[in-house]
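> Residues per chain are reported as follows:
There are 2 protein chains.
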Amino acid sequence: MKVLITGIDGYTGWPLALHLLGRGHEVVGIDNFVTRRRVKEVGSWSATPIGTFPRRQSAVEELLGKSIAFHRGDVTNYAFVHRVLELERPDAVVHLGEQRSAPYSMIDVHHAVRTQTENISGTINLLYAMRDLVPESHLVKMGTMGEYGTPNIDIAEGFFDVEWRGRTDAHLPFPRQAGSWYHWSKVHDSGNVLFATRVWGLRATDVMQGVVYGIRTPEMVDDRLLTRFDFDEVWGTALNRFVVEALLGLPITPYGKGGQTRGYIALEDSMQSLRLSVENPVGRGEYRVVNQFDAAYSVNQLAEITRDVAREFSIEARIEHVPNPRVESEDHYYHPLHEKLPAMGYRRTRELTEVVRELFRDLRKYRRRLEQKRSVVLPATDWRKGTSRPAELAPTPMPALSTAPPTPTALPEGSLAHGP
Amino acid sequence: MKVLITGIDGYTGWPLALHLLGRGHEVVGIDNFVTRRRVKEVGSWSATPIGTFPRRQSAVEELLGKSIAFHRGDVTNYAFVHRVLELERPDAVVHLGEQRSAPYSMIDVHHAVRTQTENISGTINLLYAMRDLVPESHLVKMGTMGEYGTPNIDIAEGFFDVEWRGRTDAHLPFPRQAGSWYHWSKVHDSGNVLFATRVWGLRATDVMQGVVYGIRTPEMVDDRLLTRFDFDEVWGTALNRFVVEALLGLPITPYGKGGQTRGYIALEDSMQSLRLSVENPVGRGEYRVVNQFDAAYSVNQLAEITRDVAREFSIEARIEHVPNPRVESEDHYYHPLHEKLPAMGYRRTRELTEVVRELFRDLRKYRRRLEQKRSVVLPATDWRKGTSRPAELAPTPMPALSTAPPTPTALPEGSLAHGP
Numbered sequence: 051m052k053v054l055i056t057g058i059d060g061y062t063g064w065p066l067a068l069h070l071l072g073r074g075h076e077v078v079g080i081d082n083f084v085t086r087r088r089v090k091e092v093g094s095w096s097a098t099p100i101g102t103f104p105r106r107q108s109a110v111e112e113l114l115g116k117s118i119a120f121h122r123g124d125v126t127n128y129a130f131v132h133r134v135l136e137l138e139r140p141d142a143v144v145h146l147g148e149q150r151s152a153p154y155s156m157i158d159v160h161h162a163v164r165t166q167t168e169n170i171s172g173t174i175n176l177l178y179a180m181r182d183l184v185p186e187s188h189l190v191k192m193g194t195m196g197e198y199g200t201p202n203i204d205i206a207e208g209f210f211d212v213e214w215r216g217r218t219d220a221h222l223p224f225p226r227q228a229g230s231w232y233h234w235s236k237v238h239d240s241g242n243v244l245f246a247t248r249v250w251g252l253r254a255t256d257v258m259q260g261v262v263y264g265i266r267t268p269e270m271v272d273d274r275l276l277t278r279f280d281f282d283e284v285w286g287t288a289l290n291r292f293v294v295e296a297l298l299g300l301p302i303t304p305y306g307k308g309g310q311t312r313g314y315i316a317l318e319d320s321m322q323s324l325r326l327s328v329e330n331p332v333g334r335g336e337y338r339v340v341n342q343f344d345a346a347y348s349v350n351q352l353a354e355i356t357r358d359v360a361r362e363f364s365i366e367a368r369i370e371h372v373p374n375p376r377v378e379s380e381d382h383y384y385h386p387l388h389e390k391l392p393a394m395g396y397r398r399t400r401e402l403t404e405v406v407r408e409l410f411r412d413l414r415k416y417r418r419r420l421e422q423k424r425s426v427v428l429p430a431t432d433w434r435k436g437t438s439r440p441a442e443l444a445p446t447p448m449p450a451l452s453t454a455p456p457t458p459t460a461l462p463e464g465s466l467a468h469g470p
Numbered sequence: 051m052k053v054l055i056t057g058i059d060g061y062t063g064w065p066l067a068l069h070l071l072g073r074g075h076e077v078v079g080i081d082n083f084v085t086r087r088r089v090k091e092v093g094s095w096s097a098t099p100i101g102t103f104p105r106r107q108s109a110v111e112e113l114l115g116k117s118i119a120f121h122r123g124d125v126t127n128y129a130f131v132h133r134v135l136e137l138e139r140p141d142a143v144v145h146l147g148e149q150r151s152a153p154y155s156m157i158d159v160h161h162a163v164r165t166q167t168e169n170i171s172g173t174i175n176l177l178y179a180m181r182d183l184v185p186e187s188h189l190v191k192m193g194t195m196g197e198y199g200t201p202n203i204d205i206a207e208g209f210f211d212v213e214w215r216g217r218t219d220a221h222l223p224f225p226r227q228a229g230s231w232y233h234w235s236k237v238h239d240s241g242n243v244l245f246a247t248r249v250w251g252l253r254a255t256d257v258m259q260g261v262v263y264g265i266r267t268p269e270m271v272d273d274r275l276l277t278r279f280d281f282d283e284v285w286g287t288a289l290n291r292f293v294v295e296a297l298l299g300l301p302i303t304p305y306g307k308g309g310q311t312r313g314y315i316a317l318e319d320s321m322q323s324l325r326l327s328v329e330n331p332v333g334r335g336e337y338r339v340v341n342q343f344d345a346a347y348s349v350n351q352l353a354e355i356t357r358d359v360a361r362e363f364s365i366e367a368r369i370e371h372v373p374n375p376r377v378e379s380e381d382h383y384y385h386p387l388h389e390k391l392p393a394m395g396y397r398r399t400r401e402l403t404e405v406v407r408e409l410f411r412d413l414r415k416y417r418r419r420l421e422q423k424r425s426v427v428l429p430a431t432d433w434r435k436g437t438s439r440p441a442e443l444a445p446t447p448m449p450a451l452s453t454a455p456p457t458p459t460a461l462p463e464g465s466l467a468h469g470p
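Taken in sequence, the protein lines are chains A and B. Going by the working numbering, the first residue of the first sequence is number 51, and it counts up by one from there. Going by the working numbering, the first residue of the second sequence is number 51, and it counts up by one from there.
Keep in mind the hints are simulated off the structure, nothing from the lab. For glycine and all other residues, C-beta sits at the position ideal for the given N, C-alpha and C. The reader is advised that the hints may include incorrect statements.
What the hints assert, rightly or not - Not the full set, but computed from the structure, chain A residues with beta-carbon under 10 Å of chain B:
| # | residue |
| --- | --- |
| 1 | Phe120 |
| 2 | Arg122 |
| 3 | Thr126 |
| 4 | Asp204 |
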């Protein structure tokens with residue numbers, strides 16, 4: 051199949067391109083490199099050094115013997131989107147080209163408006179261009195498990211059957227209760243994609259993805275093929291920050307009580323899942339929602355796993371809870387369903403602790419890059435205030451890292467996951 | 051109270067200003083006059099001639115002895131919104147300043163994107179400015195009953211209690227399934243307002259308003275105080291078009307089978323409802339959703355009422371179903387709850403048939419203005435294609451209208467409403 055990936059230069063876009071190439075698909079990419087610029091804007095960079103896109107293309111040609119077609123541009127520009135779709139006529143469009151940081155969206159009113167208007171415009175542009183140029187093509191749209199919030203009932207895969215006041219509707223959209231302007235932008239997208247499938251008969255899979263962890267997929271046979279790894283407060287996930295905090299000799303800092311529970315999935319398994327959605331398109335007018343995560347963990351569990359793995363690397367990291375800048379429940383029920391991907395053939399290939407070990411191994415190589423940016427790891431965006439303030443905790447000296455390969459201590463399988 | 055009305059120059063903004071002034075409130079308005087321009091853009095105008103805003107202000111001073119403060123500007127401009135709130139510090143903000151036409155949003159990709167980004171940006175701007183300048187102020191936000199779509203269960207007022215798979219959540223947002231980019235923009239707004247109440251403790255009432263009908267409120271003691279009346283395919287409601295079609299000697303043209311059922315409310319009762327929400331603010335952090343309609347009617351019922359009232363005015367109008375340009379169920383269950391406004395003291399003061407008679411009486415005065423624009427009444431926007439096409443039905447000659455006052459024929463009370 052010919053697959054167009056928007057946001058191909060990003061954390062998941064790049065490994066998806068490699069993965070699809072490895073499976074024999076043709077890959078075309080779009081990016082405007084805005085994530086690179088915006089990470090710089092907050093004073094940070096990727097822990098892994100990322101070459102320019104032409105260098106990445108050359109590495110793919112040299113190391114994998116494949117090529118990636120690329121169009122530089124912005125999905126919020128309709129003329130650009132129309133031109134690329136007219137030229138490329140893909141069988142599937144994987145839409146990852148959106149502003150993806152919740153803290154970034156909470157910085158102030160301008161970041162809030164920009165996040166929502168950019169994300170929504172890009173998606174509407176794609177929907178119109180697909181309708182007019184490739185109406186048989188299948189949209190695989192990146193959403194987030196965060197759209198659902200933390201209701202006190204199980205979380206359906208997009209739709210559920212409701213009996214209320216003596217009547218039944220068998221197919222109602224599951225209520226969304228997001229927790230940031232960013233997450234709401236994804237909710238808005240979901241509504242818009244649903245509408246396009248109903249009004250125009252487009253085909254779409256809406257991916258409610260859990261938090262993705264890890265840095266490596268099997269296709270990354272050389273460090274030139276690595277994907278980006280963000281660890282600052284704005285662009286890095288909690289787990290990324292925890293690992294980097296441990297490596298930098300800082301305390302591991304869960305927000306609040308740490309009972310916040312979310313779905314997670316390894317980068318490699320996220321690529322497997324996206325590929326499964328691409329290779330199993332839906333029918334005309336069908337809107338499929340998949341909950342794309344592998345297991346649920348609380349923030350405290352992530353902190354403890356990081357601390358335990360750090361110990362294997364001779365790092366003694368202390369867990370220190372910091373005031374939660376987010377507004378969220380820190381103790382709640384969480385049980386999302388995830389049955390559709392297994393039905394398409396999904397099987398877990400990576401396990402969280404093993405990936406955390408891999409992160410420690412990989413990131414030690416780039417510790418100088420981490421050290422130079424140690425001030426960006428701690429939270430500076432207070433979601434209640436929505437203004438930036440300087441980080442509060444002073445960094446402590448960087449510990450000497452063992453250069454000997456660590457000896458992993460086996461953890462009992464399955465002890466980490468709770469909930470499906 | 052001091053009330054800021056965004057969109058004060060519009061169909062509901064203007065009568066709301068008059069109504070609140072009449073109740074002793076202080077009124078400040080914002081508008082950018084974009085609706086005037088956009089109605090021109092589709093080749094139409096208001097059936098009622100509307101003076102410039104300074105003329106409207108003068109009429110209010112002369113006829114009602116009151117004054118309206120006014121700031122010309124765009125709510126999508128944050129600096130403007132901030133400046134006005136800083137200067138005026140209102141006790142309540144009634145946010146009507148949004149693109150309000152579903153067909154307009156369906157014209158093409160640019161109108162779709164514009165509708166959603168404008169509406170969302172304006173609301174986010176207001177939320178931030180209220181948070182920073184008037185955090186105790188109460189936002190009354192105009193949404194639409196169309197956010198809910200037509201589920202096969204009763205429609206709650208915003209939230210409902212759900213039992214699913216053995217667990218219960220007592221307060222989940224009622225699922226939204228809108229039918230146009232415009233309606234989805236209101237869904238997106240609702241999510242954003244809900245979020246702002248949760249993250250910042252703002253006060254908000256989200257008004258799920260039914261279709262509003264009528265042209266007059268008791269405060270309009272002179273025709274210089276009338277509100278606008280749109281009758282073209284893009285800006286006019288079905289009922290407005292039906293009345294104008296009858297007056298122009300055209301067939302009355304319900305879309306499709308005409309079983310589409312929606313909630314409706316008279317302009318005067320909508321003003322009563324908005325005032326009740328303003329005068330009964332919610333607590334900090336509270337997000338109240340009210341279903342603001344009075345009774346539900348099918349499109350066929352509207353067509354039949356119009357035909358019957360036309361006959362009282364010696365006009366024989368034929369009902370002619372035309373292909374439905376919208377994508378919607380034409381035969382469905384519809385039972386929305388509306389208990390919160392009655393609990394605040396809402397009582398119906400106007401009845402549909404009576405208002406339709408009033409429309410015929412008022413619009414005969416402006417029949418030359420209708421006649422000049424007869425080509426804009428019929429549907430030109432196909433929602434499946436999203437491109438404009440010329441109207442299909444050729445206009446027939448304008449009938450001679452009786453100048454004698456009509457003798458209304460009594461219709462049995464209650465025969466028109468079905469549903470709640």
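> Could you run down the list of hints and mark each one as holding or not?
Right, here's what the structure says about each hint:
Hint on Phe120(A) is violated. Least Cβ distance to chain B is approximately 24 Å, over the 10 Å limit. For Arg122(A), the suggested interface contact is broken, since its CB lies about 21 Å from the closest CB of chain B, more than 10 Å. Given hint, Thr126(A) at the interface with chain B, holds; its Cβ is 8 Å from that chain's nearest Cβ, closer than 10 Å. Interface hint at Asp204(A): satisfied, since its Cβ lies 5 Å from the closest Cβ of chain B, which is below the 10 Å cut-off.
When each numbered hint is compared with the structure, violations occur for hints 1 and 2.
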